[in-house]
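Sequences and hints are given; from them, build the entire structure.
Chains as they are written, first to last, in the working numbering: chain A, 1 to 248; chain B, 1 to 262.
Treat the hints with caution; some may be incorrect.
As the list claims (entries may be wrong) - Capping the alpha-carbon separation at 25 Å, the derived lysine-lysine pairs in BS3-like fashion look like this:
#1 A:Lys106 x A:Lys69
#2 B:Lys238 x A:Lys69
#3 A:Lys69 x A:Lys55
#4 A:Lys67 x A:Lys55
#5 A:Lys106 x B:Lys144
#6 B:Lys144 x A:Lys67
Keep in mind that the hints were calculated from the coordinates and are not lab data.
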Amino acid sequence: MITFENIHKSFGSNHVLRGVNLTVERGESMVIVGGSGTGKSVLIKTVLGLIQPDKGRILVDGQDVTKVKRDAFLSRFGMLFQGGALFDSMPVWQNVAFRLQRGALKRPLAEAREIAIEKLRRVGLAPDVADRFPAELSGGMQKRVSLARAIAAEPEIIFFDEPTTGLDPIMSGVINELIREIVVEMGVTAMTITHDMTSVHTIADKVAMLHRGTIQWCGRQTDMAQSGDPYVEQFVNGRAEGPIETLR
Amino acid sequence: MNAQMILIVRALGRLCIDAISALGRLVLFALATLSHVFRPPFYLREFFTALLNVGYLSLPVVGLTALFTGAALALQIYSGGSRFNAPEVVPQIVAIGMVRELGPVLVGLMIAARVTSSIAAEMATMKVTEQIDALVTLSTAPMKYLVMPRVLAGLMAGPVLVAVADSIGIFGGFIVATQTLGFNPATYILNTMNFLTSADILSSMAKGMAFGFIATLMGCYYGLNSGRGAQGVGAATKASVQAAAVLILAANFLLTAVFFTA
Ligand SMILES: Nc1ncnc2c1ncn2[C@@H]1O[C@H](COP(=O)(O)OP(=O)(O)O)[C@@H](O)[C@H]1O
Ligand SMILES: [Mg+2]
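This is the structure we're talking about:
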């Protein structure tokens, strides 16, 4: 279970998060929606300690994330970064098996490679991709490799930051299905950031909408269409007119 | 008038505070790096890759600059020495000039150009594309995995590169002196050998170590603290090379003062 308690974060004069309160239950698939630049990525990064909040606490299974043993804590997580964030200095399989090649989860080389190839197959990539370099792959393939890396060490909690952004609709559908399968099959707790409503429908148990630095609405995905919240309404229907200001 | 003075003083004060806090952050970064030297895990593969990049692949450029500099030095000392009727000092002065100053400084500036820039650009790009964040989430400390191997490689490769530069520089002077200035090869070598002391060579190696450390550290520091976007990468690279070059020359002065003003 992940609990955000009154999280604030500013960058200079840019007050991004202004008191976020949110709970994600164990085994639940939570989707965070909201416009670009509302601080969705920042919110997720605060859990992993990549960004320190100015105020507030984050609890994972009741434990304050600033007071845990970092290595053991981080080994419970997998993350798919918005831009993939694959290490371009190493071939695909070493990216996927990165965690399995060093530190507490270190395995013999052959075994690590085998697991990497198995995870690549899981995300629909052929074994011959394993020895290519990330720069040689298309955007969709990079996303899938990144997905494989996120699940390689069988994490309990996975974050997906805009898994379908920049992909064609068919590839988006494939990735959405994959994420749903992985979440169900591995029984993980998942937080997914997206502004793609198809993703929301495929992936989400619950949906939270981030707007102006706070959670504007949070509820079951099935209740989203009848939320009665004008902000959610505008977002779901993709309308230019409404309470959310658009810059034009 | 008075208000203007206050503004000026305030601006100066801010400048000083900024400079001191920047220096403080740098020193903390250096100490943090050094504190990792003896604590596992050690990433051997990264270390050897860094050694290859910092040391081995710098050899051609270091060798060439040293060769030409030693050769030019011999010509200048010969023409300068002739004015005092002492053209025969060429081997001694070339040796001392290369070993005490030019060898280390050339190596320092060359690796600032070659190594600092590439480390800074690589790490800044990793920062901008979230690869550094990804490393952290994969339970790998960037300080250990990225910084330590490179800085250690700088510390080790520095003295070796300087030894190479010293030798090739002296060799450059030797070629010019014996081929065009009419020096006897055997006497030239003998004069060089007899003149250099172990203190000269020791200072040269110490400088190499210090410069290797500075060059790699600056690359890492500015790379990891890069701003966002392509502009951030460019700015980080530029700043790292500037800082490395200036600090190397400042350190060179300090070390010379320490070694040779006893
Ligand atoms: N490291 C940082 N330094 C400065 N500003 C940042 C940083 N990270 C994010 N921001 C700012 O915070 C805001 C939210 O960013 P982000 O969380 O990436 O948005 P999104 O909701 O699209 O994921 C943006 O205005 C961005 O410019
Ligand atoms: Mg984002």
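Evaluation of the provided hints:
{"no.": "1", "hint": "A:Lys106 x A:Lys69", "result": "18 Å, holds"}
{"no.": "2", "hint": "B:Lys238 x A:Lys69", "result": "37 Å, violated"}
{"no.": "3", "hint": "A:Lys69 x A:Lys55", "result": "21 Å, holds"}
{"no.": "4", "hint": "A:Lys67 x A:Lys55", "result": "15 Å, holds"}
{"no.": "5", "hint": "A:Lys106 x B:Lys144", "result": "17 Å, holds"}
{"no.": "6", "hint": "B:Lys144 x A:Lys67", "result": "22 Å, holds"}
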